[in-house]
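K.L.:
In order, the protein sequence lines correspond to chains A and B. Going by numbering that gives the first Met the number 0, 42 is the number at position 43 of the first sequence; the sequence numbering is gapless. Going by numbering that gives the first Met the number 0, 176 is the number at position 177 of the second sequence; the sequence numbering is gapless.
Hints were generated in silico from the structure; no laboratory data involved. Check before you lean on any hint, since a few could be wrong.
Copies of the same chain look alike in the list, so a pair counts if it works inside one copy or between any two.
To be verified - Below, a list of computed lysine-lysine pairs in the DSBU-like style, where the Cα atoms sit at most 35 Å apart:
no., residue 1, residue 2
1, Lys184, Lys9
2, Lys32, Lys18
3, Lys18, Lys196
4, Lys9, Lys246
5, Lys212, Lys184
6, Lys9, Lys151
There are 2 protein chains.
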Amino acid sequence: MKPIEMELEKSLENCESSKVLEAMNYSLLAGGKRLRPLLLFETCKAYGVDTNIANPFACALEMIHTYSLIHDDLPAMDNDVLRRGRNTCHVEFDEATAILAGDALNTEAFYVMSQAICRDDQKIKCIEILANCAGVNGMILGQALDIESENKQISWNELERLHRNKTGKLFAAAFMMASVLADDKVHLPFWQEIGEKLGLAFQIQDDILDITKTSEELGKSNSDVENHKSTSVTLLGIEEANKILAKHFDEVVGMIESLEINSTDLIQLLMSIRTRQM
Amino acid sequence: MKPIEMELEKSLENCESSKVLEAMNYSLLAGGKRLRPLLLFETCKAYGVDTNIANPFACALEMIHTYSLIHDDLPAMDNDVLRRGRNTCHVEFDEATAILAGDALNTEAFYVMSQAICRDDQKIKCIEILANCAGVNGMILGQALDIESENKQISWNELERLHRNKTGKLFAAAFMMASVLADDKVHLPFWQEIGEKLGLAFQIQDDILDITKTSEELGKSNSDVENHKSTSVTLLGIEEANKILAKHFDEVVGMIESLEINSTDLIQLLMSIRTRQM
Numbered sequence: 000m001k002p003i004e005m006e007l008e009k010s011l012e013n014c015e016s017s018k019v020l021e022a023m024n025y026s027l028l029a030g031g032k033r034l035r036p037l038l039l040f041e042t043c044k045a046y047g048v049d050t051n052i053a054n055p056f057a058c059a060l061e062m063i064h065t066y067s068l069i070h071d072d073l074p075a076m077d078n079d080v081l082r083r084g085r086n087t088c089h090v091e092f093d094e095a096t097a098i099l100a101g102d103a104l105n106t107e108a109f110y111v112m113s114q115a116i117c118r119d120d121q122k123i124k125c126i127e128i129l130a131n132c133a134g135v136n137g138m139i140l141g142q143a144l145d146i147e148s149e150n151k152q153i154s155w156n157e158l159e160r161l162h163r164n165k166t167g168k169l170f171a172a173a174f175m176m177a178s179v180l181a182d183d184k185v186h187l188p189f190w191q192e193i194g195e196k197l198g199l200a201f202q203i204q205d206d207i208l209d210i211t212k213t214s215e216e217l218g219k220s221n222s223d224v225e226n227h228k229s230t231s232v233t234l235l236g237i238e239e240a241n242k243i244l245a246k247h248f249d250e251v252v253g254m255i256e257s258l259e260i261n262s263t264d265l266i267q268l269l270m271s272i273r274t275r276q277m
Numbered sequence: 000m001k002p003i004e005m006e007l008e009k010s011l012e013n014c015e016s017s018k019v020l021e022a023m024n025y026s027l028l029a030g031g032k033r034l035r036p037l038l039l040f041e042t043c044k045a046y047g048v049d050t051n052i053a054n055p056f057a058c059a060l061e062m063i064h065t066y067s068l069i070h071d072d073l074p075a076m077d078n079d080v081l082r083r084g085r086n087t088c089h090v091e092f093d094e095a096t097a098i099l100a101g102d103a104l105n106t107e108a109f110y111v112m113s114q115a116i117c118r119d120d121q122k123i124k125c126i127e128i129l130a131n132c133a134g135v136n137g138m139i140l141g142q143a144l145d146i147e148s149e150n151k152q153i154s155w156n157e158l159e160r161l162h163r164n165k166t167g168k169l170f171a172a173a174f175m176m177a178s179v180l181a182d183d184k185v186h187l188p189f190w191q192e193i194g195e196k197l198g199l200a201f202q203i204q205d206d207i208l209d210i211t212k213t214s215e216e217l218g219k220s221n222s223d224v225e226n227h228k229s230t231s232v233t234l235l236g237i238e239e240a241n242k243i244l245a246k247h248f249d250e251v252v253g254m255i256e257s258l259e260i261n262s263t264d265l266i267q268l269l270m271s272i273r274t275r276q277m
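Pulled out of the complex, with its shape left as it was, chain A reads as follows:
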């Protein structure tokens, strides 16, 4: 079992039992790529920061990501029934429980950060960063733009802004929290740009995979077509989308290589994302 899986399992161990807690664990421990924790861990390693220090922040990232998936899948949002190869939370439990499980994971993310073992000023900065990246100036702004874009033609610029917020901001938070734990505040804006760029590239990849793979291969349903959403493929065509994807990935790698950190493993992680098939 990966270390992050053990940390996630432990993270809700001391909570009072309820149906909502069951639903939280159901969604949080459903596997998944654990990309955001991995980005945080590898960036910490590149800086020479002990990854044990990063554990609560990795859990917090995955909790925020998981809550956003639970709420995103709700009937009033994307109305998806399949996620990571199994029932979405509201299908397995019920809508009310899924709403509360998402809410509780959002809150719990901040609780686990308050329990970290680093310095208080580092904790506060990480809490500030994650709250900002996950909130109405970040991930939720992206979700809001996503909903507003349904049944509507949007421009490539608008789609880029959507992806930079919806996906990029949590990637950015992973990089930025590692930078804080390494006491490197100077590069926070630099890491933010890397994170947003990677998020954009990741979503272009998703759009391409969505039309080249089946739901079964991906382990999730593809609601974008049903919800009449613009994607990078419908807006740019698959060839141009692939070109822009390559450009952004190359820029991310170039930016990281320009830093004086030991980024070999981090770059390798990025390469595995670059070549992912699901």
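Once you've looked at the hints, dock chain B against the given chain A.
P.N.:
Chain B in isolation, oriented as in the chain A frame:
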């Protein structure tokens, strides 16, 4: 305008505009009793703590309370259409926007606390307290118990546990954060009990008001009867409910008077709650 109203207005001023932000402001600035901020301010005053220091924590409390109301009103939860005399958030906007607005207020609560001007160790302790009181061991546990109690006979003990968590824990957070800001950690468990007791009393009052006042007088719909929920009145009868209400209020006042703080105004606030008609 009350100081807390000004603080709440300012709290979302620097956010990027979106429909979700509109919905956040719509619900956050809808008036209401602002009880949790008032409890925090008066407890700070009783301890001699500058109330300016308390502002971000007061905003955070009200953000958490507001998000819980938005989600509680959703069709999948209590399905209420009227709140504080106007449309609930999902009626005024739409369900998806209401879900996101609630999510964003939950997240923003932790952002505003990270920006407070007190010491870092006090911020961290307040974040820990609010996350714990609002999460799956606190307010959300109460919500979960509330949902599970629909269409079902529950015992008075179960209803007490429900109210102590759903309402009491946020009251407790108000008292406990004031105690942290006053550097009085010794009395945290004492304040927690006061908060839970007050929450229980408050909910018994609500149950009594619900059957003695109209929706119009209360400014909100009464969904408890429609959702076949047990209330303190249906379980105990109105006479016994009134007796237990009086007992808990008296105990709260007695506990506060036993502390060596200047609690005159705090007690007066409690008296105004004791005699409320809505």
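K.L.:
Work down the list of hints and note, for each, if the structure agrees.
P.N.:
Here is what the structure says about each hint:
1. Lys184 to Lys9: both (30 Å within a copy, 27 Å between copies)
2. Lys32 to Lys18: both (26 Å within a copy, 31 Å between copies)
3. Lys18 to Lys196: between (38 Å within a copy, 25 Å between copies)
4. Lys9 to Lys246: neither (39 Å within a copy, 41 Å between copies)
5. Lys212 to Lys184: neither (41 Å within a copy, 57 Å between copies)
6. Lys9 to Lys151: Between copies only: 33 Å across chains, 43 Å inside a chain, cut-off 35 Å.
Violation of the numbered hints given earlier is confined to hints 4 and 5; the remaining hints are satisfied by the structure.
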